[in-house]
Every structure is written in C-alpha cells, then in structure tokens.
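Assemble the dimeric complex from its two separately framed chains, guided by the hints.
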Amino acid sequence: MRDSRSSRVFQVFNTIVLLLIVAATLYPFVNIVAQSFSSETYIRTGQVNLVPRGFNLTTYQLVMSDSVFWTSYRNTVVYTVVATVIAIVLTTCYAYVISKRGLRGRGLLIGIAVFTMFFNGGLIPNYVLISGLGLKNTLWAIVLPNAISVFNLLVMKSFFENMPVELEEAAQIDGLSTYGVLLRIVLPLSKAVLATMVLFYAVSFWNSWFAAFLYMDKAELFPVTIYLRNLISGASSAMSTGAGTSDLAQTAANIKSVTMVLTVLPILCIYPFIQKYFVSGVMLGSVKQ
Amino acid sequence: MPIVPASPPRRRRPGANGKLPWHIALHRDWQLYSLVVVPLVFFLVFRYLPMLGNVIAFRRFQPGGSIFGEQWVGLHYVRMFLGDPTFWGVFGNTLAIGALTILFCFPMPIIFALLLNEVRSRYFKRFVQTMSYLPHFLSIVIVAGMLMQILSIDGTVNQLVKLFGGEPIPFLQQAEWFRTIYLSSEVWQTLGWGTILYLAALTTVDSTLYEASRIDGANRWQQTWHVTLPGIRPTMVTLLILNIGTFMAVGFEKILLIYNPLTYPTADVISTYLYRVGLVSNNFSYATAIGLFESLIGLTLILSANAISRRVVGASLW
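As given, the protein sequences belong to chains A and B, one line each in that order. Quick note on our numbering: the first sequence kicks off at 2 and runs consecutively. Quick note on our numbering: the second sequence kicks off at 63 and runs consecutively.
Only chain B is shown next, with the shape it has when bound in the complex (with noise of 0.2 Å):
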C-alpha cells in the first residue's frame, strides 16, 4: 500500500514552507503531469532541441549529417561574420530599422488610444476601434501585395505625386524609400490592434483623480500629463520592453518579401541576410553563428531592459 498523507488532499495553504516531496505531488497529482506529458514533448524538440542544435555554428554541419554538425571549428565561424564587410552593413541596417520601429510603432498606439479615450460617443469610438484592428488580421502575403499595388507606378501614391506635379517614383526600387515604407506599412498594420492593452489600462485609471485636477485647475492636456500617462506607466513599460526584446527580429517576413537586390543597401537585415547565406547559399554553419549572435543580443536586450526598468520604474516583466 502506498503511504497516503493523512489529511485528505488539498491545496497547500500558502505560505506553508517546505515543499511537498516530489513521490507525494506524482501520486497526488499524477493525472494533472500526465497532461503536460505531450506538450513538454512540443517544447523539448522544437523549441529546445534547436537552442541545442546552435551548436553547429562552432562545429562543421554537412547536409544530411547530424543535426549536431560532423567536427569543432572553434570560433571559425564567429571570426568570419566578424570580418565580413556585408555582415556589418546588415548589422547597422538592423540596428536602424529596429530603432526607427520602436520610436514609431511603440509611441503611435498610445496617442491613438488617448484620442479614442476622448471620443464621446460609444458607436463612434467602437466603429474606429473595429477598423482599425482588421490590419492585425491580415497575411504579411496580402500586406506586401497591397504594398506593391498602391506603390506601383500607376498605383495610388503615385497619382498624388503626379496630382502635386511630381515625377512618378518608382518606391520599391529605391534604396531610400525603404525604410518610409517598412515603418509606414509597420504603422499602418500595429497601430489599432497595440491600442487594445493601453484601451484596457486606460479603464482603470481612478476617475476620482480626474475630478480632483479639475478642482485644482488642470486644463485638459495637464489632466493627460498627470493624471492619464502616469495612469497607463505599468502598461507602457512593459510594452517598451517587449518591444525591445523583439528589437533585433525586425519584420524579417515582411522585408524577405519587399525587398529585392535594389533596396539591400538600407533593406538587408541580420535575419534576412542569414537566410540567403544558410538557406540560399547553404552554409548552415556560418548562418547559424550569425543567428546565435542575433539571438544572444536580442536576450541581452530584453533582459537589461527589463532590470533598468525594475531599478528606475519599478515595473517588469519578472
């Protein structure tokens, strides 16, 4: 007979230490591990397995060899991206296109939800809401297909420019539309769907507060200063620090499918570059060694923004 814990099972009252030994949480629990059984297995190979199979940038991978690459090489390939003149082109293009979305795409939402939160009437407000998530929805396939549309030589944006007696520009084709296109086009799909969280914060903002800075004075946009933004901070931070996290993984599908030889010079992205050299040119080792090194900066990233929060805001993630 297996030794059952005399008092009948129950949740644990918090605060309780000393943790109950693992042979009695299985025995109790068994039904509710047995459940985890499957999607651990999910994570364990695709999520895990790859973090593992990083390994192949220090050792020489072969098609069709293990997934663990064949020899060590050491730092060989680290050492190549290191002097690769393209590598730190696309390094620096990262670096801008991950900037420029975040001084864009994280400020928008936010100015937007303060308008939506000052609209009156309750159908208006849910109309604009509506709409403006449908880009959210969308396959990034059709957003680029509407991107070349409308940014065709006969395409709208060119008709305004022949309105204003311009020369037709062809946009796709020129290195320095690039990054206009990709923010705008970046804007134009995040801008209602990022509105939701701030929307929800925005609710619980003490009204009390409101009436009080009235009292004392506040004109409307002294109320939004002190009262609604510092309302929203727990919200903002954490977005802001998200944002940072996904600071290198730049829109890599979007720019894989505008870009073209024309616009690599402000276009091309650590992510896009290491898919022409692994996925195109097959060198899965050196790929590999440029991802890991992306992916080591983008960790680094999230988890000093998320320590400089906690000291100076007192918000984070963990």
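In isolation and in its complexed conformation, chain A is listed as follows (with noise of 0.2 Å):
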C-alpha cells in the first residue's frame, strides 16, 4: 500500500518536472514565432509571450520582399546540398574500408581519422591554410575543411562493421567488384544510416555560420546565418533594400523574429519526419561493447 502510493506520487512529481522541462525547451520557439507576427509596438513593450499581440504580417513581406535576404537563403541553400553531397561520399567511401576487418593498414586509417578529434591545427594555421590555398570567398572554404565528421565516419564505420560478411562474399563470388558490392549490395541496405548521415551533414552545413564569417567578405556569398548574425549583431543597418528608412528602427526587433523563423523553418518542417532515424543512428554508432 504505502509503497504504491508512494510511487504514484513520484510519478506525478516526475511528469510535472518533464513538462516543465518541455516547457522550457519551447518557450523561446513560441516566443520567436509569437513576436514574428505581433506588430511593433507590442514588442517594444514587452507583452508579446505566447501568442502574437497585433497580427500582422507585413514583416514576412517585408523580409521576404529584401533581395538580399533571399540571396542569403538561396546561398545556404547550395552550400548545403553541395557539402552534404561531398560530404556523405567522403564519408561512405572512408567508413567502408575501415570497416573491412581484414584489410592491411586499417589501423593505421582509423588512428588517422580518430587523432583528429582530439589534436587539431587551431584555428589560425587552418585560416592561413584556406587563404593560402585561394578558397577564401568560393564555396570550397565552407565545404572543403569540414568534408569528413570523425563521429559521422565512426557511426558510418560501425553500421557497415555489423553487416553480414556472407552477402558482400557471395556478391563476389558472383563476379562484383568492390565497387558493384559497395554500390548495388552494401549501399542499397544502408538507407537507415545514409539518412542519418545526410541530416547530421545537412544541419550542420545549413546552421553553420562561423566558416562563412571567416572567408567570406562579400555580401552576395553570405549565408543566411551571417545574414541574421549581422542582423543580431547590427553590424548591418536592418534593411538593406526595400522599406522606407523612418520605421527601420522600430521594426527591428520584428525582423530578427521573422528571419530566425525562416531560418529554422526548413528544420523545423522535416524534423518531424527524420527524428526517428537519427535516434536509430546514433545509437548505432555507440552501443556495441
């Protein structure tokens, strides 16, 4: 009995401390999207929490109507796709002779990758290594450095390590090259772990800014992550096109609203959809032992 009702009292305790927890997670997400359709002045002084005070949704036009917001986007965009293509074929290829137990030299391969992540050339010699290669203001600077993840590789690398060695013999034997076993046996049955990798590289590459604030100087190749940092940060007026300049000022508070929601729109619209596969990923790559 006292054991019973004690438990039903943790349990209550417990569901009232992850709600809030829930609570606190969303809160700024509800926050941005209230403020984004609430009209200035509510902002200003400060009574927009939950839900938008004044609705209106000339901000969006507004925001969406600046050409150089929508380059910013559109830059983000490639950058994205570009890096995560090269980025999963990287990847695959490195991760697939890794995980071949009986391949000379394979020791030597993963301590190469691994040593990575705990020794690395800091972030001067890696600006004067990028400048000194001429990749500064191409896309190159963004995808090229950061082409691999060793975790991604190590996840990547454990996934093909618990394939069955049968399949990839027989397809062999059959008369399959390594490269037909790798792209008409192994990849075809890695779909799980592909999806994964390309959401890992895919939000990283999309949320990624600090690259682009290195070696990027003009405008027109900005993402759209420097686009709102400068925005954040004023180190740009509001707008640059557009709008009058007289309510700039006033709805500035606005703009950032409006383009932090459009930035993480994208994420936010497959994250629904994707959550089950990265769960599955990860922890493909971490319970063995």
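There's no promise every hint is true.
Said to hold, decoys possible - Listed next, the in silico DSBU-like pairs over lysine-lysine satisfying Cα-Cα at most 30 Å (straight line):
{"hint": "1", "chain 1": "A", "residue 1": "K277", "chain 2": "B", "residue 2": "K81"}
{"hint": "2", "chain 1": "A", "residue 1": "K137", "chain 2": "B", "residue 2": "K187"}
{"hint": "3", "chain 1": "A", "residue 1": "K101", "chain 2": "B", "residue 2": "K81"}
{"hint": "4", "chain 1": "A", "residue 1": "K219", "chain 2": "B", "residue 2": "K316"}
{"hint": "5", "chain 1": "A", "residue 1": "K277", "chain 2": "B", "residue 2": "K316"}
Unchecked claim - Pair by pair, the computed Cβ-Cβ distance ranges are:
{"hint": "6", "chain 1": "B", "residue 1": "P296", "chain 2": "A", "residue 2": "Y61", "range": "27 to 37 Å"}
{"hint": "7", "chain 1": "B", "residue 1": "P323", "chain 2": "A", "residue 2": "V78", "range": "28 to 38 Å"}
{"hint": "8", "chain 1": "A", "residue 1": "L269", "chain 2": "B", "residue 2": "L225", "range": "49 to 59 Å"}
{"hint": "9", "chain 1": "A", "residue 1": "L269", "chain 2": "B", "residue 2": "L106", "range": "50 to 60 Å"}
{"hint": "10", "chain 1": "A", "residue 1": "I17", "chain 2": "B", "residue 2": "W287", "range": "17 to 27 Å"}
{"hint": "11", "chain 1": "B", "residue 1": "S269", "chain 2": "A", "residue 2": "S150", "range": "28 to 38 Å"}
{"hint": "12", "chain 1": "B", "residue 1": "G127", "chain 2": "A", "residue 2": "L177", "range": "26 to 36 Å"}
Think of the hints as simulated: they come from the structure by calculation, not from any bench. Quick reminder that beta carbons are idealized off the backbone N, C-alpha and C, glycines included.
Below you can see the structure in the form of structure tokens.
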C-alpha cells in the first residue's frame, strides 16, 4: 500500500518536472514565432510572450521582399546541398574501407581519422591554409575543410561492420567488383544510416556560420546565418533594400524574429519526419561492447 | 605474371600471426585502397597540414608569405603570452567556464534520462524526448538571437523580474551574469540530445537485477543507486572523458556571438582572445602560439582522463 502510494506521488512529480522541461525547451521557439507575427509596438513594450498581439504579416512581406535575404537564403541552400553530397561520398568511402576487418593498414587509417578528434591545427593555421589555397570567397572554404566529420565516420563504420560478411562474399563470387559490391549491395542496404548521415551533415551545414564569417567578405556570398548574425549584432542596418528608412529602427525586433523563424523553418519542417532515424543512427554508432 | 597466392583471396582467420605482405594486400585490395585516396587527401590537407602549420608559433609569419612562416624566432611568442596579463585573465575564464560546463552539462542528461526512464506511458516519453532534442538542431546564431530577445530589457525574463518587484537588468551587458547565461543556454541546448546514449544504455541494464534487488528489499531510490547507475557507468565514463577532452574548447562560437567588451571580464576565453589577436589584430604567430598551447592542454587532458579511467574504473576510450 505505502509503496504504491509513494510511487504514484513520484509519477505525478516526475510528469510535472518533465512537462516543465518541455515547456522551458519550447518557450523560446513559441516566443519568436509569436513575436514574428506581432506588431512592433507590442513587442517593444514587452507584451508578446506566447501569443501574437497586433497580428500582422507585413514584416514577413518586408523580409521576403528583401533581395539580400533571398540571396543569402539561396546561398545557404546551395552550400548545404553541395557540401552534404561531397561529405556523404567521402565519408561513405572511408567508412566502408575502415570497416573491413582483414584489411592491411586498417588500424593506421582509423588512427589517422580518430587522432584528429583530439588534436587539431587550431584557428590560425587553418585560416592561413584556407587563404593560402585561395579558397577565400568561394564555396569550397565552407565545403572542403568540413568534408568529413569523424563522429559521423565512426557511426557509419560501425554500421558497415555489422553487415553480414557472407552477403558481400556471395556477391563477390557472383562476379561483382569491390565498387559493385559497395554500390549495388551495401549502399541499398544502408538507407537508414545514409538518411541519418544526410540529416546530420545537412543540418550542420545549414546551421554553420563561422566558416562563412571567416572566409567570406562579400555580402552576395553570405549564407543566411551571417545575414541573421549581422542583423542581431546590429552590424548591418536592418534592411539594405526595400522599405523606407523611417520605420526601420522600429521594426528591428520584429525583423529579427521573422528572419529567425524563416531560418529554422526548414529544420522544423523536416524534423518530425526524420526524428526517428537519427535516434537509431546515433545508437547504431554507440551501442556496441 | 604477378604471383597470386595459392589459396583464393579470403579473409584471414583471426589470430593468424604474421601480416599479409603489403604487395599482396595491395594487389588483392587495390579497389578498396583506391576508395580512401580522396578522403586521405582531405585528412592530410585539412587536418594534418594545419597541425604542421602550428610551426608559425615559432616562426615569424608574414601575411601572404609561406604558411610555415619566414624565420625562426624560437620561444619568442610563448614568452609573450606567458607575460601577457590578458592571457592569464582569459586562461582563468576558460578554466572557470570549462569546469562549470562539466559540472552542469555532464550530470543533467543523466538525471533527465533517469526521470524519462521512469515514465510509464510510451507516448508521453516519446513526446518529451522529441521536444527535448529540438534545440540541438538549431544554429548557434539562432540561439544567440533567442538569448538576446528573451534577456532584453523588455524580454520575458525581465518581465518576471518586474513581476517579483525587481528592477529590469540588462543581462547581456553585465559581466556577473555572463556565466549564468552561458551555462543555462548550454544546458538548454544539450540536455535532450545528451540523453540519447544514456537511454540506450538504460535499455541494456539487466532487468533480473531489479527483481533481485526488490526481493532484497531495495526501494526505488536504492534500485537506482545500486542497479541503474552502475549499469550505465561505462557510458557515463566514456562521455565524461569526451567532455574533459573538450574542456578547453568551451563554446567558442556562442561566446563570440553574445559577448561584448562589457562582459569581457568573465566571458573572454582563450579561443575568443586568440581570435581577436589573430584575425582582428593580425598577429598570426602570437595567436598560433596561444592556440597551440590550448590544443596541447586539451590533448593532455583527454590522454590523462583516459589513462586514469582505465586504471580506476577499467573503462577507456581506447
């Protein structure tokens, strides 16, 4: 009797704590969405918390009619797609090879990759290298230095390691080359891990800002994260084109919210659908021993 | 005709001693090796070349010159930061923020995972998990934007302050608030994602152990303490070592976005300082020396954490 009552008390308490955590996690999202639909006067007097007040869409129109915003947005899409494709190809190749247990030099190849998790060249040598290679103000400054994430590499490696060896041996006996085995047997069976990797890479490239901040000097090359960063830090006058100047300062807070909402929107849209994949993906890479 | 081994190519039996000679391995597996060529070039150029590039910490670098610098200056730049009072300030800040991050960001996901593990309804559990992962997928720029909005003079936090009769506080302008802000946003971002591995580990804890402990009269708290926590200890140790390894690399990007000269006294860390020295003031060699020092401390920390944990708890990363 006593036990079951105390455990019921615990269940109630636990549920409340977890709901509070969820509320605290979601609040900032709800807040920016509410602000993005509110009119500036309510925002400035701190009256917008959970629901929009003075509902209006004019700021959305304003931001979306700004050609600089769209250029940045398009840049982000291009950077993300190119970088993700390259990253997936390189990561898959390397992961597949280091998953082959009998391979001579496998340990060395793994070591080369893993050591870079614990020691790296540091900011300045990287900067000097990228500038020296003439990659500044090109897409490659964002893509190439981050083409392989060792964490993702290890997740893929352990996925490949768990594949039945017999399958590949059978395919080899049937006359497929190593490339054939990889392309026609292994990859079609690896959709779950590939989906996870695409998600991880795409999200990280979509979100990245520092590489662009370091290596891009021209506004027409900025990804949307830099556009947003300049907006937030006040480094750029709120809008470069479009609206008249008088109400610019007034709508600043509103513009920030709208830009933030538009920037996270793609992630929020795909998030519910791929959520289950990445959880299993992370576990794939970790639960062994 | 190249000599082909008498037996058909097949996986070596485990435990067979003596390695395959390189020329036979290359002949047999050249297609596999060909796949690593491009990724290897990536590692060598973008990961190992910058490591060598650290040599400009000991040479005078001229912008536009060789990436390895122009002439040897020995320990000139090392002595420079050892005698630089700003450096010691930011060094202290790095230690403080790093230690606080481990203190808060390491145990929180464990507690959260334990609470989640007690939830009976699968739907509620999945709902809480799904929501808690969300911040992990945000750009740090968005996080900074949200922080500025919520902490602004008219923001939500100050509304609460006013509700309880306080004066609004310009949080992001005050050095004494910086660490609280940094840490709470860090917990907010990492809490949910950090639980994934623990939840996976929790499913592997042997359920008969719970039954046995219940028969021995253990209450829920004692079960957690004596069964659950020891069960996830390997995961905890692994993640703790990894956390210690990133001790020095405290949230550089976030700090860069939310700090300002007013909060430098508590917010400026080694990496942000070297960013300003190197890329704002163009003192590349000096900044490299600082960065090298930082990386070496990080490497030492993770090596020692790993060695200690292998001796003490028998679990290690390698």
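_Looking only at beta-carbon atoms, does the pair S269(B), S150(A) fall within the given range of 28 to 38 Å?_
36 Å, holds
*30 Å Cα cutoff - pair K277(A), K81(B)*: The given pair, whose Cα atoms are some 42 Å apart, is violated under the 30 Å limit.
*Take the C-beta atom of P296(B) and the C-beta atom of Y61(A), compute their distance, and say whether it sits inside 27 to 37 Å.*
50 Å, violated
_Range hint compliance [Cβ, G127(B) to L177(A), 26 to 36 Å]_ = Roughly 51 Å apart at Cβ, these two residues miss the hinted range, so it is violated.
*Between K137(A) and K187(B), is the straight-line Cα distance small enough, at 30 Å or below?*
46 Å, violated
*Hint consistency between K101(A) and K81(B) [alpha-carbon to alpha-carbon, up to 30 Å]*: 15 Å, holds
*Starting from K277(A), check that the Cα of K316(B) is at most 30 Å away, please.*
28 Å, holds
_Please check whether L269(A) and L106(B) have a Cβ separation lying inside 50 to 60 Å._
38 Å, violated
_P323(B) versus V78(A) beta-carbon gap, inside 28 to 38 Å or not_ = 36 Å, holds
*asked:* For the hint 17 to 27 Å, verify it against the beta carbon of I17(A) and that of W287(B).
replied: 23 Å, holds
*Could you tell me whether the CB distance from L269(A) to L225(B) stays inside 49 to 59 Å?*
30 Å, violated
_Checking one constraint from the list: CA of K219(A) to CA of K316(B), max 30 Å. Satisfied?_
23 Å, holds
Hints 1, 2, 6, 8, 9 and 12 from the list above are not met by this structure, while the remaining hints are.
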